[in-house]
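K.L.:
Heads up: the protein sequence lines correspond to chains A and B, in order.
Residue 114, in numbering that gives the first Met the number 0, is where the first sequence stops; the numbers in between run on with no holes.
Residue 389, in numbering that gives the first Met the number 0, is where the second sequence stops; the numbers in between run on with no holes.
Incorrect hints may have been included.
Unchecked claim - Within a straight-line C-alpha distance of at most 20 Å, the following computed PhoX-like cross-link-like pairs (lysine-lysine) qualify: (1) A:Lys51 to A:Lys29; (2) A:Lys99 to A:Lys43; (3) A:Lys89 to A:Lys99; (4) A:Lys1 to B:Lys144; (5) A:Lys89 to B:Lys142; (6) A:Lys77 to A:Lys14; (7) A:Lys89 to B:Lys144; (8) A:Lys51 to A:Lys14; (9) A:Lys43 to A:Lys1.
No lab work stands behind these hints, which were simulated from the structure alone.
The lines below spell out each chain.
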Amino acid sequence: MKYVLLFVGTMEDQKRFENLPPEQLAAGMKAAEQWFEEYSRSGKIVGGEQLKGPETATTVRFSEGRAIVTDGPFIESKEIIGGFAVVQVKDLDEALEMAKAWPAGPVEVWPAVER
Amino acid sequence: MFREEAAKLTGAMVRLIGNFDIAEEVVQDSLLAALENWPVHGIPDNPGAWLMTAARRRAIDVLRRDQRYAEKVALLERSIVPSDPAEADDRLRLIFTCCHPALAQEAQVALTLRAVAGFTTQEIAAAFLVSETTMAQRIVRAKRKIVEANIPYRVPEGPDLIPRVDAVLAVLYLMFNEGYLSRGPQVASRRDLAEDAMWLTSLVARLLPDQAEVLGLIVLMRLHLARSRARFDADGEIVLLPDQDRTLWDSAAIAQAVEVLDRATSLASPGPYQQQAAIAAVHSEARTWQETDWAQIVALYDTLLRITDTPVIRLNRAVAVSHVAGPRVALGEVNDLAISLGGYHLFHATRAELLDELGETALAREARQRALELCQNPAERSLLERKLRR
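The following block holds chain A by itself, in its conformation from the complex:
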């Protein structure tokens, strides 16, 4: 079954991460890369990306049949999505195991619609 793991956090988390001393920042990045590598090797990760900051996001929505383009993410909250991974595993417990191993903050686990 396919799940999407969303790597979430607050704006404060993001800023704190960005302002880490360079060696700590590098160590954090390396841990996340290792996580991706390890699970890609075992075939559990079928896709995923790290996202740039919310200040770079743009939202398109429709109002009265017209596309409206606005600055920023759709959800106006303090929480942001830093990245995501699409995983193919047996069941929720296996997806949760991966989420628990993620080295960089909270993870939302969403089951994907199977077609």
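Based on the hints, put chain B in the right spot on chain A.
P.N.:
The following block gives chain B in isolation, referenced to the frame of chain A:
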């Protein structure tokens, strides 16, 4: 098939109850229950076992109304533990699925009652004081999540098992408390949550015989149930610990429970259930209210607070403190909990008792009135109303 099962069942029930009339009555009732239930929920995998469980429960309900059958009730309660290991395994898998941490705790409880203990949605709604619609939605949503998110139907293995046990114990303890508090004649016809919770806990104990906290929870439940006959008087009114007729306590069951607690303690893995069981044991072993070892109870509460510090535990500790250091000291400690427990009826009821002891009748009355406004349990309400009328 029904007739064949009925004969087998009646035979078994007569053996257990020793009274043919009652045996036949409960078997008829369980067949009726099957006629209502099976067309809706489908025929269970093991119809004989389903009927047997239904008949035993019905027998417990019927016999409990009659004090003369106390021994038989105890026998039936013991025999509820399924003899078929496959059925016990099924139940365990179900409990762990229903208590999966991906489900909200209120959904875990509801689902466990529905799927594992076989309660109707209506019964669960009544136990948790919500409408049947709300409860039905809660259960449907939880079931849907199990399917949609693919929550596995299994008992976790190896290192994954222990972290999952806490959630299961928490649900079973909630279930027990709900059943224990609402015990009493006005709900005597309802199946007993408390006994089901204890049975399910014993299944978990069979899976994890060396987990001290599982044993601790079983002891805690046993100590409460061993004293439950003294909790209501002939008119069905609640009787508080100081006024209970302690000769009604089941001293053999208490002694057995304390033995299990010693075994749990010897595993050297302390936890909140063992600690609460130890407190219940001190109460259970006191021959009179006056002989209660309050200093030891306060000490046990202090240890419990170091393991898990909650306002409700602090409130209970304050009651023990009042017997050691007097009501004024205790009232000070209780008042400190006002912010976190202002919406809890027992906070106000405890204040009322302490204020009474200090001769502050008007303030006590006010506090008791507030407790009554917040209390929804019928037996507890009746107790508060009686005290207000005094």
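K.L.:
It remains to establish, for every hint, whether it holds in the given structure.
P.N.:
Comparing the hints with the structure gives:
A distance of roughly 17 Å separates the Cα atoms of A:Lys51 and A:Lys29; the hinted pair therefore holds under the 20 Å criterion. The straight-line distance between the Cα atoms of A:Lys99 and A:Lys43 is roughly 15 Å, inside the 20 Å bound, and the hint therefore holds. Proximity of A:Lys89 to A:Lys99 is assessed by CA-CA distance (about 16 Å); at most 20 Å being required, the pair is judged to hold. Distance check on the hinted pair: A:Lys1 and B:Lys144 sit about 15 Å apart at the alpha-carbon level, within 20 Å; holds.
A threshold of 20 Å between alpha carbons decides the hint, and for A:Lys89 with B:Lys142 the separation of about 19 Å falls inside it, so the pair holds. For the hint pairing A:Lys77 with A:Lys14, the CA-to-CA distance comes to about 12 Å; that is within 20 Å, so the pair holds. Restraint check: the Cα-Cα separation between A:Lys89 and B:Lys144 comes to about 16 Å, which is no more than 20 Å; the hinted pair holds. Of the pairs offered as hints, the one joining A:Lys51 and A:Lys14 holds, with about 13 Å between alpha carbons and a cut-off of 20 Å not exceeded.
Note on A:Lys43 and A:Lys1: the hinted pairing holds, with a Cα-Cα distance of about 9 Å set against a maximum of 20 Å.
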